[in-house]
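Per mature numbering (1 follows the signal peptide of the UniProt record, and there is no 0): the sequence shown = residues -19 to -1, 1 to 633.
Just so you know, these hints were derived from the structure itself, not from any lab.
Hints should not be assumed to be uniformly reliable.
Unchecked claim - Simulated crosslink set (SDA-like; lysine to any residue; CA at most 20 Å straight-line):
| id | residue 1 | residue 2 |
| --- | --- | --- |
| 1 | Lys335 | Ser291 |
| 2 | Lys236 | Lys201 |
| 3 | Lys136 | Lys201 |
| 4 | Lys309 | Lys335 |
| 5 | Lys410 | His387 |
| 6 | Lys278 | Ile325 |
| 7 | Lys309 | Leu255 |
| 8 | Lys170 | Ala243 |
| 9 | Lys513 | Met528 |
| 10 | Lys278 | Pro221 |
| 11 | Lys236 | Lys309 |
| 12 | Lys526 | His387 |
| 13 | Lys309 | Ser219 |
| 14 | Lys201 | Pro212 |
| 15 | Lys309 | Asp232 |
| 16 | Lys309 | Asp239 |
| 17 | Lys563 | Asn368 |
| 18 | Lys201 | Ser222 |
| 19 | Lys410 | Thr451 |
| 20 | Lys170 | Ile315 |
| 21 | Lys278 | Asp249 |
| 22 | Lys563 | Asp510 |
Stated by the list, open to error - Pair by pair, the computed Cβ-Cβ distance ranges are:
| id | residue 1 | residue 2 | range |
| --- | --- | --- | --- |
| 23 | Ser358 | Asp439 | 45 to 55 Å |
| 24 | Ser420 | Ser461 | 10 to 20 Å |
| 25 | Gln384 | Gln171 | 52 to 62 Å |
| 26 | Asn280 | Glu211 | 49 to 59 Å |
| 27 | Pro486 | Pro212 | 56 to 66 Å |
| 28 | Gln384 | Gln329 | 26 to 36 Å |
| 29 | Lys220 | Gly440 | 21 to 31 Å |
| 30 | Asn246 | Arg81 | 21 to 31 Å |
| 31 | Gln482 | Gly440 | 13 to 23 Å |
| 32 | Ala483 | Asn415 | 27 to 37 Å |
| 33 | Gln472 | Asn280 | 25 to 35 Å |
For every residue, glycine included, the Cβ atom is placed at its ideal position computed from N, Cα and C.
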Amino acid sequence: MSKPARLSFAWVFFSDGQALVVDSLQGLVDVSPELVFNKTIKTISNAHHDPSNHVTLISGGGAGHEPAHAAFVGRGLLSAAVSGNIFASPSVSQIVEAIRTVGGSAGTILIVKNYTGDIFHFHLAAEKARARWGHRVEVLVVGDDVAVGRQRSGKVGRRGLAGTVLVHKVLGSLSAQGKSIDELLSVGKQIVDGLVTCGVSQGHVHIPGTAVDADAANVKIELGMGIHNEPGCQVLDSKPSLDSLLNSMLDLLLKADDPDRAFVNFDDAKSSVLLVNNLGGTSQLELSAITRHTVQKLNSRGIQPTRILSGTLMTSLDASGFSITILKATDEIIASLDSPTTAIGWPQPYSAFKPHTGERVLESAFEKSSDNTSKASGPKLIPQAFNFSVTQACQALLAAEPQITHDDRIVGDGDCGATLSRGANAVLKVLSENPVTESTTAGAAMMSIAHAIEESMDGTSGALYELFFTAFAAALQTSSGETVSTEIWSQAAGSALERLQAMTPARVGDRTVMDALIPFIDTLQKEGDLAKAVEAARKGRDSTKGMEASLGRAVYVAGENWAKVPDPGAEGFVAIAEGIAKLSSEEGHCILKQHGRLRMTSLSNTSIGMLCAVDCKELLGNWLLKLAYDSDASIDKALSILAIGKDSIKGL
């Protein structure tokens, strides 16, 4: 017999769901001075509503859909909202009392999402209110879902989703204008008939205070999932691209030839409204991007929304997902959506903005350096060796990204690896599109790296590396000599480090990239040995494990986390250094050998020094001897060349 799934409790701030609802409604009143909270019936109402001259609009349902419905109470929107417990309809007595205390002679409309519990309770409350007080009370049911088609929904009809809030806003505006209850009902039915909504969510949400299945982490994306964890129309086995997902959703919303789901024909629509709604757990960053892509998709299908709303309006607690609503609109509907409201949950109305008539999406061409990189001053370099070293450094950094990201999530904000990767990819792109040539100076090459970093890396890492490589380039451009050497590289690196230290207080012992960078450059200057410099950088990186942070966001991290991993910035620099050091590998020697053969006829003391700008003294000496001998089979010539290069080899 199989064991039942083990249950655990998801961590939330409130373990009592019923108390949470009451506290939440009380908190809403705390931040909105015109609202009143009736704790007995869990109802929020607008203290300024005049039920004798304006139609009363009451909505509500189970909690868990915030800001719906309570945060939509205010002038120009709802008169009151009645709340049940989480995902549970309010009782009939709650609704009846809300009608009594808020409604009046102008009549009351109960705006209800199409769910069985809500339908029964609100309809019964309306019947009781009519019988007791004789006021006109009508029920307007909103069903806008398209995922569950006619065949499955049967007599129940479409589920009520985010489109409900558009009904709230339009009727709220008409009520504020003093329109009659019949006028409101007519427009309300018109809106419902022109509404379509489709949602998508990643897994079921957890209700505070309830047990969750241990398998809850094994979530899948579900197309058409309801706002109470109800099933949708399709569970996706793999994660689709946003492009594919939006196409599927818009097909459900707009396909006029689907007999099961073609609820609204938009072919003859003169105006339309788009609402991209956050189901609770989608970041605003993503939601805005989703909105942009949705608009583009609609435009490609011949629909240009007259109004676009994007935000958190009808949620399913913290569901990781969103919904798309499209409304076939009229001028009256658009004007009502544009009208002002004091409800704190509604986005700023369109009428509050002064539209800009010019271009609204611009692209700037950043001013580039006027320097011609191919004619910049300073010593030149070996293009093959430079391209190889920089490529290896970038590839090493990309390979290290997962580990850097992992460690930065422990002691930082988790973006260090991604930031460094963007820089590495940008530099690789520059090398691919504009490789250095024989005429390129070392300073110009470094400046191209600085430009790539400027355009791709943000945050502290971006500023640090951009400053370092810009200062590095400046130092190289003022260096003397025809070709770059180990001494020139190390002097320029030291100069760049001085400029960097003038801009940041970070030093060795502060748990930053400087713990690896400073030992690397110091060793390179003192020893002239790249391998030793890399080893010094590794030791500096390793020393940060357990080191207390003095600068950066790591300062705010719990102390025990410092002992778990080294500083991610230092890890990134070590990866770069190790990549550069691969010039001393067999492959690097082959590149230098090839270059040497091409330059053999014009070999000079300076170029020997350039060829010797790697840390492989013995190998390089043997290689020079063999290269010279192989080039013209003259041992005398080989010994002569080796003698010329002695001074350059010495001290490397």
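Quiz item: Any of the earlier hints contradicted here, and which numbers?
Solution: 2, 3, 4, 5, 6, 9, 13, 23, 26, 28, 30, 33
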